[in-house]
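Number of protein chains: 2
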Amino acid sequence: MEKLYGDAVVGQSGGPTAAINATLAGVIRGVKENVHGGCIGTLYGMRNGVEGLLEERLIDLTAYFEDESKLELLEHTPAAALGSCRKKLPKMGENDAFYEQMMAVFRKYDIRYFFYIGGNDSMDTVAKLSEYTKNQGYEMVILGVPKTIDNDLVGTDHTPGFGSAAKYIAVTTQEIIRDCAVYRIPAVTIVEIMGRDAGWLTAASAIGRVVNGVEPDLVYLPERTFDMQRFFADVRAALAKHPNVVIAVSEGIRFADGHYVGEGTQTGAKDAFGHAYLAGTGKALELAVKAEIGCKVRSIELNLPQRCAAHVASRTDLSESVKIGRAAVKAAGEGISRRMMTAVRTSNAPYVMEVGHSDVSVIANKIRYVDDEFINADGNHVTDACCRYLLPLIQGEAPCRYENGLPVHLVL
Amino acid sequence: MEKLYGDAVVGQSGGPTAAINATLAGVIRGVKENVHGGCIGTLYGMRNGVEGLLEERLIDLTAYFEDESKLELLEHTPAAALGSCRKKLPKMGENDAFYEQMMAVFRKYDIRYFFYIGGNDSMDTVAKLSEYTKNQGYEMVILGVPKTIDNDLVGTDHTPGFGSAAKYIAVTTQEIIRDCAVYRIPAVTIVEIMGRDAGWLTAASAIGRVVNGVEPDLVYLPERTFDMQRFFADVRAALAKHPNVVIAVSEGIRFADGHYVGEGTQTGAKDAFGHAYLAGTGKALELAVKAEIGCKVRSIELNLPQRCAAHVASRTDLSESVKIGRAAVKAAGEGISRRMMTAVRTSNAPYVMEVGHSDVSVIANKIRYVDDEFINADGNHVTDACCRYLLPLIQGEAPCRYENGLPVHLVL
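Residue numbers (my numbering), protein chains in the order written: chain W, -10 to 401; chain H, -10 to 401.
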């Protein structure tokens, strides 16, 4: 195979995470360390993903990150330093102008390498671009680098970004359980965790079980149908054991009729400004427990900090994210294209992760759900096997640099 | 003055914080180190505050904490290791049985020293007990040790527990601002922060201004009347400057008519279960902005993690909490009673904090509001002076011990 020489471009797409910049740093390190074997000249960053690429809002990352200390800062900066977008590429043949514009940018900058760090939709972008450039006879290496806190990409053991979100959730759950234990009056605390389709993040609230035995009393994932009466019975049984009941729920849990539990509060509810009110899953359950059981109830939506709490990132996650970014550059140098880099767990104890790659077309637009063996028979908790799968991913702390009491972030 | 010999009891009361256990550790250290000059024999902990005292649910802390490593764990454990209560003591003469029962416990254990770690209501307990024991001619030293994330106790420069909550809020706000910066479409993110009466915690979201220039666009405190039309104008002006507007609001902001902004959603709103719906301040403003401005809006309620996120505690706060606990024991040994220990800032740059004490009767049931000079003229942000007051309190990190990826907490 002949070597392909040219410049490279890297972008970040979809929802930000605490580790997506570590992956970007891995790509930059790979280029700087020449793991591509001399194929890549300059590495450009596209601002706001393919949107910025079309507008030629590019930054020369090779030049910007000459300095090692900047790369370290980047690794500990949450969100997406290059900016992100939620652009879904047009179907082949539906908007030729779009693709032609992009081809023009590739040609202008002699871009032959395209790295796209993202989730599901981003892999769709990788698949479509691969197809288009191939049809055009434009030789180009196009690789997807996975990223999502949701851990719901198929073809990979787990996704970069998930471990840090899982660590934030596991640590915060431990602290919430401590907080809730201080009073003696019966009280239910409902923690709503991200995950519209898959329950991986919610499952992470229970990791404590295999560490110190501290975990929520009940855990509900979107993989199982939610039944309000069974839920009430579960809560009553938990309250019979001790007064401080803590429950973790996925935002995406649904009733048997397919409606989200959080939708309940939409039906007919109007706020003071006359608008239909969507309360969220935790709030809906809080109101339900208050009405049915009558004890003190509180709901906590962990919200954005789940994906941006870099100050409590998982060291394993950050170092794997760097590793997978670097490996993408190496794979590109070997001419591997139209693939998504993947995490392969070759051993669980001791935990060993190696980087592989999968056909991107089988990954795009699919969802990986929590395995059946990871959910208990009653559908109200996770299994030990689930905790053992999750535990290695939150190992190690990755303290950011603090200056004057606050974390130092890199702003590109 | 003759020395008073006897045993001591310490309790924790009111809402938990990330530093109240550090204060407890300080009291224990003070007793172990004999800073009381030989006055105190055994130090008992009362479980769930005065409630547990009445039921003689006492733990011998002198024996339990022989080991230094346990004290260190205690200092990094959030919530209240002894448990807490929200008991308001009866007025003098209204329930003699209550006080007699307590006196019986004091006599039974020969308790002559009483340390109560808590906020406003706890200082009321200290004041009442002081009065009662004095009337009974029972010689006893009774001291309050301040604790509240709200920083709203009068007579002290700040309160233990506030610095850690402020650090959590300041750090999380930095991360949220990074997260919100990734997209280019106009979006408003509203962060709801604790503080029913005083805006200290909300003000902490802006500390970044004097560190790295990163702060919310707008900050609303309960000390200023909230006006919805002025708020809309503020938001529009912010959106005109950049697309990613972040706003910090106290849960306690109110309209000119005295109603809480969060109450808005109660009016007539019913959830799916037929119950009046209290959405919270952030949610109410989210709905208002969506209706009036129509851009993407999100609200985030920081909720319990504000007071229990020990993993990101302020080192200054934890060490001052220990110091103030120890100082209480020393003061007790000197016969000082019916006082609350206070933090005295003798210098701001360099920051120096010394421990003092104030008459507890002037502290109980009062609220310290954010100073006028700390709020800008428009009432929609804090001043530099405010940030400079807050900054020393979040200095330094106090990493907890992690084991297998999770923080280690002490469970008493």
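For the record, the hints were derived by calculation from the structure and aren't laboratory data.
It should be emphasised that the depicted structure is a prediction, and the values quoted were computed from it without experimental measurement.
Among the hints, erroneous ones may be present.
Said to hold, decoys possible - Derived BS3-like pairs (lysine-lysine); straight-line CA-CA distance at most 30 Å: (1) H:K230 x H:K76; (2) H:K77 x W:K285; (3) W:K59 x H:K230.
Status of each hint after checking the structure:
1. H:K230 x H:K76: Since the Cα atoms of H:K230 and H:K76 sit roughly 49 Å apart, the hinted pair is violated (cutoff 30 Å).
2. H:K77 x W:K285: Since the Cα atoms of H:K77 and W:K285 sit roughly 19 Å apart, the hinted pair holds (cutoff 30 Å).
3. W:K59 x H:K230: Holds, at roughly 28 Å.
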